[in-house]
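Novice: Sequence:
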Amino acid sequence: MKNREKQMDLDRKYLNKLEDVTFVPIFILGIQRSGTSILYKLLSLTNCFNIVTAYHIIKYNELLHNHINGLEEKSKDELNKYFKNEAQHDRGIDRLQINADFPEEYGFVISQKNNQPKLDSENLKTFIEFCKKIQFISRNNKPILLKNPFDFANFIYIKSVLPNAKFIFIHRNPFKTLNSQLKAMRTLLNQKSKYMALLSPAYDKVFDNKILLSYYRFIYSSILPIRVNNAIKNLAETTDYFLENNGLLPERECISSKYEDLCEKPELEIEKILTFLNMRSEKHVVYSDFVKTRKTTELKEIQRKKKFIVKKMNKYIKYCGYNTADIE
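For the sequence shown, the working numbering gives the first residue as 1, with consecutive numbering after it.
Mixed in with the good hints there might be a few duds.
The calculated DSSO-like cross-link candidates involving lysine-lysine, where the alpha carbons are at most 30 Å apart (straight line), are [as the list claims (entries may be wrong)]:
no., residue 1, residue 2
1, K233, K258
2, K315, K292
3, K183, K142
4, K17, K176
5, K118, K17
6, K159, K142
7, K41, K292
8, K159, K307
9, K125, K17
10, K142, K176
11, K258, K118
12, K258, K183
13, K192, K17
14, K318, K118
15, K183, K13
16, K166, K318
17, K295, K318
18, K258, K305
19, K194, K183
20, K159, K132
21, K194, K74
22, K84, K258
23, K192, K41
24, K258, K318
25, K118, K272
None of these hints come from the bench; they were simulated from the model.
For clarity, every value in this text was computed on a predicted model and none was experimentally measured.
Produce the entire structure from the sequences given, and follow the hints as far as they go.
Specialist: Here it is in structure tokens:
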């Protein structure tokens, strides 16, 4: 299956149809492996939102063309058959089942503009066009629900360029987050994910270069501490940004949730978020059927850094109400 690099831009002649399209953005923001995907999945089940899907990302250049010419379902069926033929039933890094309608990150689209997966002045136009496409083909006035971990420490910029935006922040025990981040990267580098290769041409290219692949496998291995140290540094910096700036957002425009609460009492957490947004679910959903607390296998290199993690992230740990005894 061709990736988006090689596809013709079939939507080009239809872009004028987007001129009068407007959208209301609601962002789910959290650090990578903090629970953004499962929260996105659960909120998508309410039918209250237009969402970004794998289909939207992989077929970005033909969304309007397929919609206008009645080719959407055919295109989605082709994607689903591809996933089935490749025996890719979930993302590999977790147990979330994938298909063409799987909720995904807009970062995969905007990174094609300037290799930057977070919103900035160079890819903002692409992002707005992407949202307008989704809004147009959805044929409704529902707000668009978006998620992208790379924008967790970017919400002040987002608010400045999209003043009608609202934010749903999700937090997770930083030790669990770091542990999951490292395991996920090792999984993705150990064996090529055909699903991820469709979403990210940059990831696809890594597997075309044996030297580069070996390099990434080495630095993400347990041999060197550099990736662990960098991951802790990045996590501390992004959470510090949140603590320093979240107070600049009015309470009516942001809400926070914790991954642990979402797993333990998903109905209450989803209801809390919908109430904040002045919404009600359009269908009955038993959210506990879709989320389960899983036992974490602790990586030794993370275990050795627990006291350092607590020291670097003490303010964030206290803000979220985590017990340092759970980390130390």
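Novice: All hints are to be evaluated individually against the structure, with a verdict given for each.
Specialist: Each hint tested on the structure:
With a C-alpha separation of about 21 Å, the suggested pair K233 and K258 falls inside the 30 Å cut-off, and the hint holds. Taking the CA atoms of K315 and K292, the gap is about 28 Å. The hint holds against a cut of 30 Å. A hinted pair counts as satisfied when its Cα atoms are at most 30 Å apart, and K183 with K142 does not qualify at roughly 36 Å. Between K17 and K176 the alpha-carbon distance is near 45 Å, which puts this suggested pair outside the 30 Å criterion.
This hinted pair checks out: K118 and K17 have alpha carbons roughly 26 Å apart, not beyond 30 Å. Taken as a hint, the K159 and K142 pair is honoured in the structure, with Cα atoms around 20 Å apart against an allowance of 30 Å. Simply put, K41 and K292 have alpha-carbon atoms about 13 Å apart, close enough for the 30 Å limit, and the pair holds. The straight-line distance between the Cα atoms of K159 and K307 is roughly 35 Å, outside the 30 Å bound, and the hint therefore fails.
Between K125 and K17, the direct Cα distance comes to roughly 16 Å. Compliance with the 30 Å bound is thereby established for this hinted pair. Distance check on the hinted pair: K142 and K176 sit about 34 Å apart at the alpha-carbon level, beyond 30 Å; violated. Using a Cα cut-off of 30 Å, the hinted pair K258 and K118 holds, with the two alpha carbons roughly 22 Å apart. The hinted pair formed by K258 and K183 meets the criterion: a straight-line CA distance of about 21 Å does not exceed 30 Å.
Under the criterion of a C-alpha separation no larger than 30 Å, the hint pairing K192 with K17 is inconsistent with the structure, at around 38 Å. As the CA atoms of K318 and K118 are separated by approximately 27 Å, the hinted pair is consistent with the 30 Å bound. Proximity of K183 to K13 is assessed by CA-CA distance (about 43 Å); at most 30 Å being required, the pair is judged violated. Proposed proximity of K166 and K318 is supported: the alpha carbons are some 25 Å apart, at most 30 Å.
In summary, the hint linking K295 to K318 is supported, as the alpha carbons are separated by about 23 Å, within the 30 Å threshold. Between K258 and K305 the alpha-carbon distance is near 23 Å, which keeps this suggested pair within the 30 Å criterion. Straight-line distance between C-alpha atoms of K194 and K183 comes to about 18 Å, which keeps the hinted pair within the 30 Å bound. Proximity of K159 to K132 is assessed by CA-CA distance (about 18 Å); at most 30 Å being required, the pair is judged to hold.
The suggested pairing of K194 with K74 holds, with an alpha-carbon distance near 20 Å, which does not exceed 30 Å. At roughly 33 Å between alpha-carbon atoms, K84 and K258 are farther apart than 30 Å, so this suggested pair is violated. Proximity of K192 to K41 is assessed by CA-CA distance (about 24 Å); at most 30 Å being required, the pair is judged to hold. In summary, the hint linking K258 to K318 is supported, as the alpha carbons are separated by about 13 Å, within the 30 Å threshold.
Restraint check for K118 and K272: the C-alpha separation of about 27 Å stays at or below 30 Å, so the hint holds.
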